[in-house]
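Sequences and hints are given; from them, build the entire structure.
Chain by chain, the residues run as shown.
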Amino acid sequence: MRRLITLTTDFGHDDPFAGIMKGVILGLAPDAQIVDITHAIGPQNIRQAAWTLEAAAPCFPAGTVHVAVVDPGVGSERRPLAVQAGEHTFIAPDNGLLTPFLASADDIFELTRSRYFRKPLSATFHGRDVFAPAAAWVAQGTPLSQMGDPVENPVLLDIPQPVFMNGILTGEVIHIDRFGNIATNITRGHLADHFQEGAAQQSLRIGRGSNLRLASHYSDRAPGEAGFLLNSWDRVEVFVREGNARLHFKCEIGSPVVISLETEE
Amino acid sequence: MRRLITLTTDFGHDDPFAGIMKGVILGLAPDAQIVDITHAIGPQNIRQAAWTLEAAAPCFPAGTVHVAVVDPGVGSERRPLAVQAGEHTFIAPDNGLLTPFLASADDIFELTRSRYFRKPLSATFHGRDVFAPAAAWVAQGTPLSQMGDPVENPVLLDIPQPVFMNGILTGEVIHIDRFGNIATNITRGHLADHFQEGAAQQSLRIGRGSNLRLASHYSDRAPGEAGFLLNSWDRVEVFVREGNARLHFKCEIGSPVVISLETEE
Amino acid sequence: MRRLITLTTDFGHDDPFAGIMKGVILGLAPDAQIVDITHAIGPQNIRQAAWTLEAAAPCFPAGTVHVAVVDPGVGSERRPLAVQAGEHTFIAPDNGLLTPFLASADDIFELTRSRYFRKPLSATFHGRDVFAPAAAWVAQGTPLSQMGDPVENPVLLDIPQPVFMNGILTGEVIHIDRFGNIATNITRGHLADHFQEGAAQQSLRIGRGSNLRLASHYSDRAPGEAGFLLNSWDRVEVFVREGNARLHFKCEIGSPVVISLETEE
Numbered sequence: 516m517r518r519l520i521t522l523t524t525d526f527g528h529d530d531p532f533a534g535i536m537k538g539v540i541l542g543l544a545p546d547a548q549i550v551d552i553t554h555a556i557g558p559q560n561i562r563q564a565a566w567t568l569e570a571a572a573p574c575f576p577a578g579t580v581h582v583a584v585v586d587p588g589v590g591s592e593r594r595p596l597a598v599q600a601g602e603h604t605f606i607a608p609d610n611g612l613l614t615p616f617l618a619s620a621d622d623i624f625e626l627t628r629s630r631y632f633r634k635p636l637s638a639t640f641h642g643r644d645v646f647a648p649a650a651a652w653v654a655q656g657t658p659l660s661q662m663g664d665p666v667e668n669p670v671l672l673d674i675p676q677p678v679f680m681n682g683i684l685t686g687e688v689i690h691i692d693r694f695g696n697i698a699t700n701i702t703r704g705h706l707a708d709h710f711q712e713g714a715a716q717q718s719l720r721i722g723r724g725s726n727l728r729l730a731s732h733y734s735d736r737a738p739g740e741a742g743f744l745l746n747s748w749d750r751v752e753v754f755v756r757e758g759n760a761r762l763h764f765k766c767e768i769g770s771p772v773v774i775s776l777e778t779e780e
Numbered sequence: 516m517r518r519l520i521t522l523t524t525d526f527g528h529d530d531p532f533a534g535i536m537k538g539v540i541l542g543l544a545p546d547a548q549i550v551d552i553t554h555a556i557g558p559q560n561i562r563q564a565a566w567t568l569e570a571a572a573p574c575f576p577a578g579t580v581h582v583a584v585v586d587p588g589v590g591s592e593r594r595p596l597a598v599q600a601g602e603h604t605f606i607a608p609d610n611g612l613l614t615p616f617l618a619s620a621d622d623i624f625e626l627t628r629s630r631y632f633r634k635p636l637s638a639t640f641h642g643r644d645v646f647a648p649a650a651a652w653v654a655q656g657t658p659l660s661q662m663g664d665p666v667e668n669p670v671l672l673d674i675p676q677p678v679f680m681n682g683i684l685t686g687e688v689i690h691i692d693r694f695g696n697i698a699t700n701i702t703r704g705h706l707a708d709h710f711q712e713g714a715a716q717q718s719l720r721i722g723r724g725s726n727l728r729l730a731s732h733y734s735d736r737a738p739g740e741a742g743f744l745l746n747s748w749d750r751v752e753v754f755v756r757e758g759n760a761r762l763h764f765k766c767e768i769g770s771p772v773v774i775s776l777e778t779e780e
Numbered sequence: 516m517r518r519l520i521t522l523t524t525d526f527g528h529d530d531p532f533a534g535i536m537k538g539v540i541l542g543l544a545p546d547a548q549i550v551d552i553t554h555a556i557g558p559q560n561i562r563q564a565a566w567t568l569e570a571a572a573p574c575f576p577a578g579t580v581h582v583a584v585v586d587p588g589v590g591s592e593r594r595p596l597a598v599q600a601g602e603h604t605f606i607a608p609d610n611g612l613l614t615p616f617l618a619s620a621d622d623i624f625e626l627t628r629s630r631y632f633r634k635p636l637s638a639t640f641h642g643r644d645v646f647a648p649a650a651a652w653v654a655q656g657t658p659l660s661q662m663g664d665p666v667e668n669p670v671l672l673d674i675p676q677p678v679f680m681n682g683i684l685t686g687e688v689i690h691i692d693r694f695g696n697i698a699t700n701i702t703r704g705h706l707a708d709h710f711q712e713g714a715a716q717q718s719l720r721i722g723r724g725s726n727l728r729l730a731s732h733y734s735d736r737a738p739g740e741a742g743f744l745l746n747s748w749d750r751v752e753v754f755v756r757e758g759n760a761r762l763h764f765k766c767e768i769g770s771p772v773v774i775s776l777e778t779e780e
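Listed in order, the protein sequences are those of chains V, L and F.
Quick note on this note's numbering: the first sequence kicks off at 516 and runs consecutively.
Quick note on this note's numbering: the second sequence kicks off at 516 and runs consecutively.
Quick note on this note's numbering: the third sequence kicks off at 516 and runs consecutively.
Each hint should be verified, as a subset may be incorrect.
Given that identical chains are not distinguished, each listed pair holds provided it fits within a single copy or across any two copies.
Taking lysine to any residue and the SDA-like style, the derived pairs with C-alpha atoms no more than 25 Å apart in a straight line are [what the hints assert, rightly or not]: (1) Lys765 to Ser718; (2) Lys634 to Gly663; (3) Lys765 to Ala555; (4) Lys765 to Asn560; (5) Lys634 to His690; (6) Lys765 to Gly557; (7) Lys765 to Pro558; (8) Lys634 to Pro573; (9) Lys634 to Asp692; (10) Lys634 to Leu745; (11) Lys634 to Glu569; (12) Lys634 to Ser734; (13) Lys765 to Pro587.
If you're looking for bench data, these hints aren't it; they were derived computationally from the structure.
Listed below in structure tokens is the structure:
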């Protein structure tokens, strides 16, 4: 069986760390297929890794093993986890990175059996010595229950949720992509819960921009014009057509985004 | 059969978009082998994508499926294309990106059959929802004719051609690589058409440099010295040995490059 | 048989060069599995490529073919090499890049048989025309002896070794990773040779930092505090916990690192 393994790390693309993890995986599971989700998570930015994996994992087939290594506590007592959630397996340090998947997890194990580690275990690179080998063993069919012990209290990130009050939905920026498009923590579900169907009624305010209206795609706007839409990941995204919304609105991660009914037009 | 699929996009290496496309492909075509040509095309730079794919595609084996996504019109009425040209298949938006391959295309189809799309179809990420699945279906053996309708009038880029007048061949810079080497739109064929065989007779002028002479390889020059040669892609390329020609000549994409007979030496 | 081939180059991630090498490899060896170690070696930085490959290669399984292309002499008379060292094969230009593996090499060949090259042989891209095809032929089982002639005098890098004098071990910085961690040319073996067992006795000086003490892992220090440890590659590495040691100590490649017995505490 040819299992798919994904990698999400903050190792960057310049150092050999990601390549080394692949060497370890393929030494143990020669038929695995490895896909990079990204290695450009901000150094030690656990929350960014969580959002990224939440967006990417559902696009992979059943049986995929996702390894994520953003690991400021490497070498300390922080636990390495293996999580089964539906038909996907997630392997990562117990620092909140897997928060999006824990609520629906079927099984959560701490990887305790050192016979599944690479030897000697280094103090600084558990991506190589713990997480990569674990992914390979899972890809080879090893049950998680054989690799560790159940965990009841995994670390959870405090993920900011949008707030609805007095007809106003306030969220924040969670990701800005290469094109400058601004993704928020407001989802299709939040819009449906709080506003009547009907795009024309909603108005979005961000940075120095106000009264942005819902578009169905980028080309609904003229070049240089701004709008918002539901992106490929079902989140409210602010864009400037053929432009860069990040530069235009001078936003950053955490900047507030406010949606209300448009009353004055 | 293990088909090869290449990816060329402007998604960059930081966001998870390219990884997501791979997840979709491997979900449909588990045995496909995926190779990144580059994800660093300038945002929405269709012409750069066209040159890049023109240089890279011929190095891949027969049967390869090339997917290219530089797609400012995503979500609008611009058509998704699948093109058969010789033994390669190309899948890309109909915005001129495939211009280098259209003249010799055997078949050009618009991908119209939505049963080959990922559902729900997003407004912003047809790389994931249209182009990646199409590549996977092709890799699995689906005929292009089954996936869409013939197209007669694909969009063509206006690609600048060198001009020959009064013994002077004038072209322009089309690519500058990591080393600062400057590739032009002047090919081996253009030189052969307009000048007699014999390297010594040609003189190249670019930026503040003049009278550069044809070399057969970089080491024909002393360190720090400039020259030009025919690169791995059969194009005139200006270089500074162990230096950076871009910085030296202060050139950019579109800068003029002039070749004439050397008469005064 | 599915052979593993690694790539280490200075091609960067923006140009299509690495992807092109993969196309050539997979055209000749369709079942090869290719792993990028890195393409971000500094342009023409042979020494950095040597260190990187030395750190990464041992993490790959027996039978792996490692291709490394940092090749300022491309097109000149510099020889292309294929080296068998234990159960790994290395393919690279003869410019010192393979120095870490030559002392223990079983066989060193110059790749002379042009029937194993891609035709026509370009003057500027032997990664595509010489090294990639050679790796593919090796992966397909071609003996090195069939591809070239034995070499007795490969080029060797002058790799700086730490010096021990008057109780003081002086080495230098050889790599700084994305997190700012500073790796040196001082190994676990050097420490064992020159100092008694016992971490408390050693004191490290670097840049404007002094009296750093050996830690067993990053979390041995408080956030913002500096220390040194033996990294995943068995080298002395200077770090600032949850900080950036490069910025903190203002170091660069080649900066001196001094370890002595701590006598005054």
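Each hint, compared with the structure:
no.: 1; hint: Lys765 to Ser718; verdict: within (19 Å within a copy, 47 Å between copies)
no.: 2; hint: Lys634 to Gly663; verdict: within (17 Å within a copy, 37 Å between copies)
no.: 3; hint: Lys765 to Ala555; verdict: both (22 Å within a copy, 24 Å between copies)
no.: 4; hint: Lys765 to Asn560; verdict: both (21 Å within a copy, 24 Å between copies)
no.: 5; hint: Lys634 to His690; verdict: between (38 Å within a copy, 24 Å between copies)
no.: 6; hint: Lys765 to Gly557; verdict: both (20 Å within a copy, 21 Å between copies)
no.: 7; hint: Lys765 to Pro558; verdict: both (23 Å within a copy, 19 Å between copies)
no.: 8; hint: Lys634 to Pro573; verdict: between (33 Å within a copy, 13 Å between copies)
no.: 9; hint: Lys634 to Asp692; verdict: between (39 Å within a copy, 23 Å between copies)
no.: 10; hint: Lys634 to Leu745; verdict: between (47 Å within a copy, 15 Å between copies)
no.: 11; hint: Lys634 to Glu569; verdict: between (32 Å within a copy, 18 Å between copies)
no.: 12; hint: Lys634 to Ser734; verdict: between (55 Å within a copy, 21 Å between copies)
no.: 13; hint: Lys765 to Pro587; verdict: between (30 Å within a copy, 22 Å between copies)
When held up to the earlier numbered hints, the structure conflicts with none and fits them all.
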